[in-house]
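> Sequence:
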Amino acid sequence: MTSNLQPTVQPPTEGAAQSHIDRAIRHVSILVVDDEPGMRNYLTRTLEPRCKKVMAAASAEEASALLDAHHFDLVLLDNVMPGQSGLDWLAEQRRVGLFAEAILMTAYADLETAIHAMRVGASDFVLKPFRSNQILNAVNRCMVQKYLRRENFLLKYELQADSLAARGRLIGTSPGIESVRKTLERVAPMPTPVLFTGESGTGKEICARTLHAMSDRANAPFVPINCASISPDRLSQDLFGDPHQPGSDGLLVHASGGTIFLDEVAELPLPMQGELLRVLEDGSLRPHGSEREMPLNLRFVFATNADLDKAMDEGRFRRDLYHRINVVNIQMPPLRERVGDIPELAELFMGKFSRQLGVEPLVLTDHVLLNMARYDWQGNVRELKNLIERSLILGEFPPEFAGNTEDSDNEPVESLHAVERRHILSVLEACGGNRAEAARRLGVSRKTIDRKCSMWNV
Numbered sequence: 303m304t305s306n307l308q309p310t311v312q313p314p315t316e317g318a319a320q321s322h323i324d325r326a327i328r329h330v331s332i333l334v335v336d337d338e339p340g341m342r343n344y345l346t347r348t349l350e351p352r353c354k355k356v357m358a359a360a361s362a363e364e365a366s367a368l369l370d371a372h373h374f375d376l377v378l379l380d381n382v383m384p385g386q387s388g389l390d391w392l393a394e395q396r397r398v399g400l401f402a403e404a405i406l407m408t409a410y411a412d413l414e415t416a417i418h419a420m421r422v423g424a425s426d427f428v429l430k431p432f433r434s435n436q437i438l439n440a441v442n443r444c445m446v447q448k449y450l451r452r453e454n455f456l457l458k459y460e461l462q463a464d465s466l467a468a469r470g471r472l473i474g475t476s477p478g479i480e481s482v483r484k485t486l487e488r489v490a491p492m493p494t495p496v497l498f499t500g501e502s503g504t505g506k507e508i509c510a511r512t513l514h515a516m517s518d519r520a521n522a523p524f525v526p527i528n529c530a531s532i533s534p535d536r537l538s539q540d541l542f543g544d545p546h547q548p549g550s551d552g553l554l555v556h557a558s559g560g561t562i563f564l565d566e567v568a569e570l571p572l573p574m575q576g577e578l579l580r581v582l583e584d585g586s587l588r589p590h591g592s593e594r595e596m597p598l599n600l601r602f603v604f605a606t607n608a609d610l611d612k613a614m615d616e617g618r619f620r621r622d623l624y625h626r627i628n629v630v631n632i633q634m635p636p637l638r639e640r641v642g643d644i645p646e647l648a649e650l651f652m653g654k655f656s657r658q659l660g661v662e663p664l665v666l667t668d669h670v671l672l673n674m675a676r677y678d679w680q681g682n683v684r685e686l687k688n689l690i691e692r693s694l695i696l697g698e699f700p701p702e703f704a705g706n707t708e709d710s711d712n713e714p715v716e717s718l719h720a721v722e723r724r725h726i727l728s729v730l731e732a733c734g735g736n737r738a739e740a741a742r743r744l745g746v747s748r749k750t751i752d753r754k755c756s757m758w759n760v
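Heads up: take any position in the sequence shown, counting from 1, add 302, and you land on this note's numbering.
Watch out, some of these pointers could steer you wrong.
Stated by the list, open to error - Pair ranges (Cβ atoms, derived):
hint	residue 1	residue 2	range
1	Gln447	Asp668	54 to 62 Å
2	Arg421	Ser656	53 to 61 Å
3	Arg657	Gln447	32 to 40 Å
4	Ala738	Pro597	39 to 47 Å
5	Asp518	Pro573	31 to 39 Å
6	Gln436	Glu364	21 to 29 Å
7	Asp518	Glu583	18 to 26 Å
8	Leu413	Arg657	53 to 61 Å
9	Ser586	Ala738	40 to 48 Å
Keep in mind the hints are simulated off the structure, nothing from the lab.
C-beta atoms are modelled at their ideal positions from N, C-alpha and C, and glycine is treated no differently.
Assemble the whole structure, with the sequences as input and the hints as a guide.
Structural data, given as C-alpha cells:
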C-alpha cells in the first residue's frame with residue numbers, strides 16, 4: 303500500500319506505464335538507507351537496472367558518509383533504524399546540506415508521522431511491505447514533481463525578466479554570419495564556456511540560444527540573466543538563492559543540465575565575480591547555510607558589448623574570471639557589415655509585427671531595401687526591428703528610407719550585392735590591400751576575402 307499527498311493518476315496499461323517510468327528515472331541517482339539487508343538488496347535489484355546509480359547504506363552514519371562523497375537525486379529512507387530514526391537523520395541532513403528528494407519507507411503510518419515527514423522535507427512515503435511497481439511509481443512521482451517545480455520556477459523568472467522578445471533564430475548568409483555559424487557548429491557539442499562580444503543589438507542572445515539549441519542540452523533549460531538590469535542583491539539571490547531562506551535554491555540549481563546565459567557580464571559586481579569564478583573552476587556550489595558542495599551540471603555562456611580590457615585595467619573586472627570565460631570568443635558582426643542579410647531580416651520582422659499588430663505589411667521595394675543597405679545602423683538588428691515596427695504603426699516608412707520617388711526614377715538601382723562589394727573593397731583599400739587585416743576587421747575568414755576578390759576579378 304502506498305500513501306502520497308498528491309492524487310495518483312492511473313496509467314492506461316501496465317506495460318506503457320513501466321516504459322514511461324523507466325524513461326523518467328534512467329538519469330536518477332538513488333541512495334537506499336535501510337538497516338535490513340534483505341530490503342537493501344531488494345531495492346538495489348529493482349532500481350539498479352533502471353537508474354543511473356544506486357548505492358545502499360545500513361545506517362544513518364553510513365548514509366552520511368556516502369552523502370559527503372557522492373551526489374544523489376533521491377534518498378529512499380527507512381524510518382525505524384537502530385541509533386537514529388530516519389526522520390531525525392533527514393532533519394539533520396537538511397540543515398547541513400541534503401539536496402536530494404526523500405521518500406520515507408515505514409511500516410507504521412499515522413497522521414503524526416506524515417506531518418513530521420512533511421516538516422523535515424520528505425516528498426512522499428510508502429508503507430511496508432510494498433511491491434516493486436509501487437516503489438517505482440513513488441520514485442517516478444517524486445522526480446516528476448521535482449521537474450515541475452523547476453520548470454515553474456524558471457518560467458516565472460523568464461516572464462519576470464521579459465526575455466521572450468529575444469527568442470528567434472540566427473538569420474543570414476553573409477560571410478560574417480556564416481563564420482559565426484561555423485564556429486557554433488564546432489563548439490556546440492562541447493561544455494566549453496563561450497563569450498559573445500560585439501555592439502549592442504547584434505543578436506548576441508539569439509546566437510547564444512542557437513548554440514544551446516545545437517547542443518545536447520537542447521531539451522534542458524536555457525536561462526538568460528541580464529546582469530545590468532537587476533540590482534546586485536536581487537542578482538545574487540536569483541543566481542545563488544535567498545540567504546534568509548534555508549533551502550532556497552537559485553537559478554544555478556534549477557537550471558541543472560541546461561545553459562546559463564549571463565548577458566552584460568561586465569556589469570557583474572566584483573564580489574559576485576569571485577563567487578562565479580569559484581563555481582566555474584569547481585563545477586559545484588555551496589548553497590547558503592550548507593556544509594556540503596552541490597555539483598552543478600551547467601554550461602555557461604556570456605555576452606558583453608563593453609571593452610573588457612579597459613574594465614580590467616580599471617579594476618572593474620577580474621582578470622582571472624576573464625581568462626576563465628574567454629575560452630572561445632565569438633565576435634558578432636554589426637549589421638552595416640552584413641548588408642546582404644537585410645532583406646531576410648526585414649521580411650522576418652515585417653511578417654512578425656504585421657501579424658502582432660493586425661495590419662497589412664508594407665512593401666519592401668528595391669528602393670527601400672537599397673536605402674536600408676546604405677544606412678549606418680548604429681543600433682544594428684535591434685534598430686532595424688524597431689524601424690519595421692514603427693513604420694507599420696505609422697503606415698509608411700520614414701522619408702530617409704522611402705526616398706523621393708521623383709528622383710528615384712532617374713537613379714540607377716544598385717543591388718545589395720553591389721553595396722556589399724563596395725563595402726568590402728573599401729575596407730580592403732583602407733588596409734592597403736592587406737587581405738588578412740581586412741578579413742580581421744570584417745570578422746570573416748581570409749578565404750572569404752580571397753573568394754570574393756577572385757569572383758570580382760580584383
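> Which earlier hints turn out false for this structure, listed by number in ascending order?
none
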